[in-house]
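Protein sequence lines correspond, in order, to chains A and B. Everything in the first sequence is counted per our numbering, starting at 1 for the first residue and increasing by one. Everything in the second sequence is counted per our numbering, starting at 1 for the first residue and increasing by one.
Hints are computed from structural coordinates only; laboratory data are not their basis. Please note that the accuracy of each hint is not assured.
Claimed, not checked - Sample of chain A residues at the chain B side, in silico, Cβ under 7 Å:
no.: 1; residue: Leu5
no.: 2; residue: Leu8
no.: 3; residue: Asp81
no.: 4; residue: Ser99
no.: 5; residue: Val401
Only a predicted model underlies this, so the values are computations on that prediction, with no experimental measurement involved. The beta-carbon is built from N, C-alpha and C at its ideal position, and this holds for glycine as well.
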Amino acid sequence: MYQLLRKLAHWIDARAGVSATLWPMMRHPVPRSIDGPMGWWYVFGSASMTFLLIQILTGIGLSMVYVPAADQAYESLLYLDYQQPWGWFLRSLHYYAGSGMVVMLLVHMTQVFLQGSYKYPRELTWVVGVLLLACTMGMFFTGQILRWDTDAYWGLAVGASMAGRVPVLGPEIVHTLLGGDIIGASSLSRFFALHVFIIPGALLTFLGIHLWLVLRCGISAPPKPGEIVDPKTYDATYHEELKRGVPFFGDALLKDIFFSALAVTIVVVIAAVVGPKGPTEPPDPTLAGANPRPEWPFLWLFGLLSLSPPAIETFIMLVFPVLVLGALFFVPFVSNRGERAPSRRPAAVLLVIVIYTTLGVLTYEGVQAPWSPVMDAWSGDPVPVNLVEGRTPLELQGAAVFQFKNCRNCHALEGIGGRRGPDLTTIGASLTRDQLITQISNGTPGGGNMPAYGKQMSPAEMEATVAFLISLRPDGQLPAGAVEDAPVEGTTPQPVELTE
Amino acid sequence: MVACAAFVGCNDDFPGKPNPADRPLPQNEITDFATLFAQNCTGCHGADGELGPAPPLNDPLFLALIPDETLHAVIRDGRPGTPMPAFAAERGGTLSTEQVKIIAAGLKSHWPADKTEEVSDAAIVADAPPYLSSATILQLTPGATDQASTLFERACAECHSPNGAGGETGYASGGAINDRAFLALISDQALRRIIITGRHDLGMPNYAAPDGRPEDFKPLTSAEIDELVALLASWRRGDAAAGDAGK
């Protein structure tokens, strides 16, 4: 039997030339120092690939149960979660391995950037790598849509409004993406196709090219300060280095395997302990009070959006992602020669620190931002008790109006509430009655950040709201514009401490 | 094989395995009173149904007095002209008919009775004037205005000052209640209710409590409350005569 199989294999090989092609690839040497501790820097790319493999396997498993139809998708996820044995684990693993893949990709790219591995002759490898990142983000985005819950619906709405802002072609793109002008039954099918065929196809193609380029250009040696990359001499030097190289199938591969196994173990444990993500409530555009959140890789964009005035929203939504991708593409063309060692490239190190800090802060902002697309859902948070006690009846009504008119969606009181506008806990100390009325009636001039309420509020409502806002001041502080000892206008109570 | 079976057997024990009980509910399927109340009412009525800007709901006297249908109707239809929104979906709100019922029923049973310190006296509840006024039109005849002003003087002026302008004359300080903007935003029904139940969370006494009132103060009757509400309503309209009547 064994003999027979061997013969068959030989027969095929003789015709297909598999081993003739693969053998040299498997035995390709890598620079000697990768055998040492520096070699641990090189494990992240292969870990991303391992996660990709898990994604493919779990994805196939999920696709056997998932029904990409708008009226059944949600139910089929519930079935996976609660009925199908291990279905929940499959979902969980698919989610966390996907997250792991993004993390590994980012670490991999950061390492390549910091160690200058993208420089000559590996510029193209980098560019294809950026495409791989884009595909992976695309997978994350489309995957979240397939969950078809409130979050998915929101993601889609934002995605569509992003696409819709593209000049000229916008409506056309939206129509193609959603399979109609609005989010509907065919939208899900479109995203299913994207998630399962189109993007994975692109991803695997780019991955093939990426790997080919890696083999073709060889793995860069760990950088040494003072070793300059010069396209004229690099090839020869590298060639020399490889002569003293070690086979990839050796220590380097063991490191890869070890690290991937570790990463996978961690992800499996997380998946088993934390469990699958969502689905949250089923999507229903008519329901108010939903507080949807995008997936974590997009939180920073969400944070940026929630912080920025709507006037530049289009810019952020459209131009910004293109700029970021473009900037990544151009990295190797800005500098493809010179020093590689991070210790000699302080600007690069600083850039990485700045970028990650910014992303971190924005992500935090995105987590915090209680920004909800449903503007006529007031925020149900109670008015802090100490802003209620000691108010006059008029001010109390003002507080109720404040809640009723959804001011809280954008304005926090004592840190609780929306954050598009400033926290108003002490606004009475800084704005006068007239300024308050102007601000509320006119909103942000030119129509923007704050809507104009002049036409939406009765004079009594305005009066009450302003009285409430004037009363919001730190203990003992006079209203803005009031003169010491002058009788305080209106019905503002003096805190008890002052009158006793 | 055995290991495999054991593994599958433990399937239930993984902390990550979703529990059907935690399954997220669509907004309109939530049936838990506490959740519904927290999501919809605490913004104005306070985290625990008191100490919010709107009249407290966590108030045994109020809950004992308000008829079930009225309670249900207020939540369903809101109080037009006041900040109290309509909640029923068919009135433009966000709650299903079922949910409105759950909230209305839950309000009456949710807060255990041990908070009743001030009204623990069952007699206070028993003798309380009805929540709804029996008078159909609250209109003050010129003669009655003086009578109402006198009543106001006795029952309210110590805290809200004689003409309702508010002040710190008494030991408890109530703010202005003659402010026309304030009166424009509060319904007569809410005024009546406040006079009956007071605002125990903010220190306003109920219809019978002697705080800030003369020695010989007698609990207010339903008719007297009608008069007081009519007086406040006349301030709302800005009737010059009535407005000055209290001076």
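Here is what the structure says about each hint:
no., hint, result
1, Leu5, "28 Å, violated"
2, Leu8, "33 Å, violated"
3, Asp81, "5 Å, holds"
4, Ser99, "14 Å, violated"
5, Val401, "5 Å, holds"
Taken one by one, the earlier hints fail for this structure at numbers 1, 2 and 4, listed in ascending order.
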